[in-house]
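Be aware that the sequence shown starts at 33, since it is given in our numbering, and climbs by one per residue.
Because the hints were derived from the structure by calculation, they are not lab data.
Given the structure is predicted, the values throughout are model-derived calculations rather than measurements.
Among these hints, one or two may not hold up.
[What the hints assert, rightly or not] Dumping the calculated DSSO-like pairs for lysine-lysine here, alpha-carbon to alpha-carbon at most 27 Å:
1. Lys200 to Lys276
2. Lys276 to Lys206
3. Lys146 to Lys204
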Amino acid sequence: MLPVLKTRVITALVLLALVLPSLFFLPQIYWALLVAAFIGVGAWEWGSLLGFASRGRLVLGGGMAGLCAAVALSFPVAIGAGSANALAAPWVFATYAVAAGFWGVLVPLWLRAKWQLPRGLPGLIIGLVVLFPTWLALVQLRVAGAGVLLAVLAIVWMADVAAYFSGKAFGKHKLAPSISPGKTWEGAIGAGVGVVLYGIALRLGFSFTPVALPLWVLALLAVTAISIVGDLYESMLKRQAGIKDSSNVLPGHGGVLDRIDSLTSTLPVVALLWLLVLRGQG
């Protein structure tokens with residue numbers, strides 16, 4: 033157990049040493065390209081869920097990274113790297129709207145019916161819907177500030193931590209036993225409580241009041257629910273594919289998809305809400 037913990041800690045420290053300076057100091061265009069490479073690794077792992085051979089997975093990963101990089105270089109203003117911030121382009125809203133519909137409507141039905149991930153072109157399209165909006169949100173939310181992006185990421189981390197401890201302490205009723213036996217309704221409720229408390233602390237500590245308090249609490253609960261959906265979705269796909277981790281590129285932590293399972297569902301929704309608030313204030 034101790035060697036595993038040591039490996040996890042070392043990997044986490046290396047990641048922090050690489051990511052934090054990049055997050056705070058890289059120019060926006062280079063941040064977009066760095067995240068494109070990261071998402072490319074996620075696409076490479078997605079290929080394993082589709083049953084691709086090693087060469088096909090490499091092509092898929094390289095193709096996704098190349099697509100994100102091409103968008104960053106072709107639309108610098110939309111990613112906040114141009115002379116002005118015109119983030120709310122129509123194609124950006126369309127991207128986030130598709131992601132929100134996928135996670136808010138289709139995936140809950142998918143989890144209920146336990147559909148298999150389709151192979152071929154449909155599976156590739158689903159991978160695009162999962163990964164490309166995540167890249168875009170990671171890039172655009174940084175425009176509000178590196179600290180803001182960290183605060184958004186912390187919503188998911190808070191949900192995970194609160195769910196774990198409340199589930200351990202009070203968990204009796206399984207949330208989705210055939211998908212993720214360890215998750216409970218008590219853990220999900222604890223996640224919601226933890227995120228709301230975190231959101232209220234942000235509001236009070238930093239005078240962060242983008243919307244009225246009732247709407248703020250509702251948004252936090254919605255984001256928590258979406259994060260749980262994302263976590264369950266990747267767990268189900270891995271279970272169906274007969275794999276424990278999406279890969280072993282992050283020793284002790286599994287793969288990129290294992291680390292961003294909740295973020296793939298959460299970040300596009302948060303980015304969409306943020307752009308809607310900005311539009312309302314404009």
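Okay, the hints, checked on the actual structure:
1. About 21 Å separates the Cα atoms of Lys200 and Lys276, which keeps this hinted pair within 27 Å; it holds.
2. Taken as a hint, the Lys276 and Lys206 pair is honoured in the structure, with Cα atoms around 20 Å apart against an allowance of 27 Å.
3. The straight-line distance between the Cα atoms of Lys146 and Lys204 is roughly 23 Å, inside the 27 Å bound, and the hint therefore holds.
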